[in-house]
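For the protein sequence lines, the chains are U and Y, in the order given.
Residue numbers are given in this note's numbering: position 120 of the first sequence equals residue 120, and the series is strictly consecutive.
Numbers given in this note's numbering equal positions in the second sequence, counted from 1, plus 187.
It is possible that part of the hints are untrue.
What the hints assert, rightly or not - Calculated from the model, a selection of chain U residues having no Cβ within reach of chain Y, i.e. all distances over 12 Å:
{"#": "1", "residue": "Glu52"}
{"#": "2", "residue": "Tyr54"}
{"#": "3", "residue": "Val89"}
{"#": "4", "residue": "Arg95"}
{"#": "5", "residue": "Asp112"}
{"#": "6", "residue": "Asp118"}
{"#": "7", "residue": "Gln119"}
{"#": "8", "residue": "Tyr124"}
{"#": "9", "residue": "Lys126"}
{"#": "10", "residue": "Asp177"}
What the hints assert, rightly or not - To spell it out: a stretch of chain Y is covered by chain U in this simulated footprint if at least three of its residues, at any positions, have a beta carbon under 8 Å from a beta carbon of chain U; those stretches are:
{"#": "11", "segment": "194–203"}
{"#": "12", "segment": "208–219"}
{"#": "13", "segment": "222–231"}
{"#": "14", "segment": "234–243"}
{"#": "15", "segment": "249–261"}
To be clear, the hints were calculated from the coordinates, so they are not data collected in a lab.
In this text the structure is predicted, and so the values were computed from the model without any measurement.
Glycine included, each C-beta is placed from N, C-alpha and C at the ideal position.
Listed below are the residues making up each chain.
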Amino acid sequence: MQKELDLTTANIARKNGERSNVSRNVNYDINRIKNKSIQDSHNSKRQKINGELYRGKKVTKMKLKKAVAVAVGVVAVMASVKGLHHLEVTDTYNRELNNFVSDELSYSESVDFLENYDQPKEHYEKYIEALENLDDTEYNFFGDRKDGTHNEVIKSDPNNLIQLSDKEKDAMVNALDDEIDEYKRGK
Amino acid sequence: MVDNSRVVLEDNIEYLVVDKIKEKDFYYVYLINNRDDADLVVRKEKLEKDERFLVGLDDEEELEKALDLFLEKNDKEN
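In isolation and in its complexed conformation, chain U is listed as follows (with noise of 0.2 Å):
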């Protein structure tokens, strides 16, 4: 099923409690300018093309000037996005380590694990690592997978901006299995 981010620039600005210098009024379409400009799987966007592009009579400085404020308008949004989401991927990986490490570990390990093995920044890295050694051809170009099947062991809050995809979820609980097994193993 298509995930739709449908996002404005106002709904960014006021979840950061960010002014933003772009209009309001402009509904600035992110996934629009995504889908079209990025390749999907099936290579779709590949034309050939007869001689070199160049800038026509046709784009006046206002229409330049128009181009720039979507521009503008499009990387602070994704700016703010990616910011959400690095919040919303540790908060959501902070409190899944302690569901699994009151599973996985004793009392006193947890404890032990918790007070010290508990660095936030070695934790994202993790969770990079875990994210770039997934097989991609699993997932689509959301992150759901494409066997259709959903992650359900990591819980999402429904009312969150950012919904972490399954691809992500599934990094995350790799991660946290591997940090778990390294502690076991360095015990």
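We have chain U; now place chain Y onto it with these hints.
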């Protein structure tokens, strides 16, 4: 004569070329929907065995990079 200041993409919409920025062995091409100024698209213009192609970007990271380059060039000019 071929008018390469505009291009019809696979969505059958005509786009005007707003800018081109050289990057290594290809160009980032910035396109605006002829009927909707808020509809901005970024593609790559590449030469493959003497034939020229317009292709999609690799990922979101590349889109962000292309937009940063566009703004670096045009935001100060405007």
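Earlier hints that do not hold, by number: When the structure is compared with the hints, numbers 1, 2 turn out to be violated.
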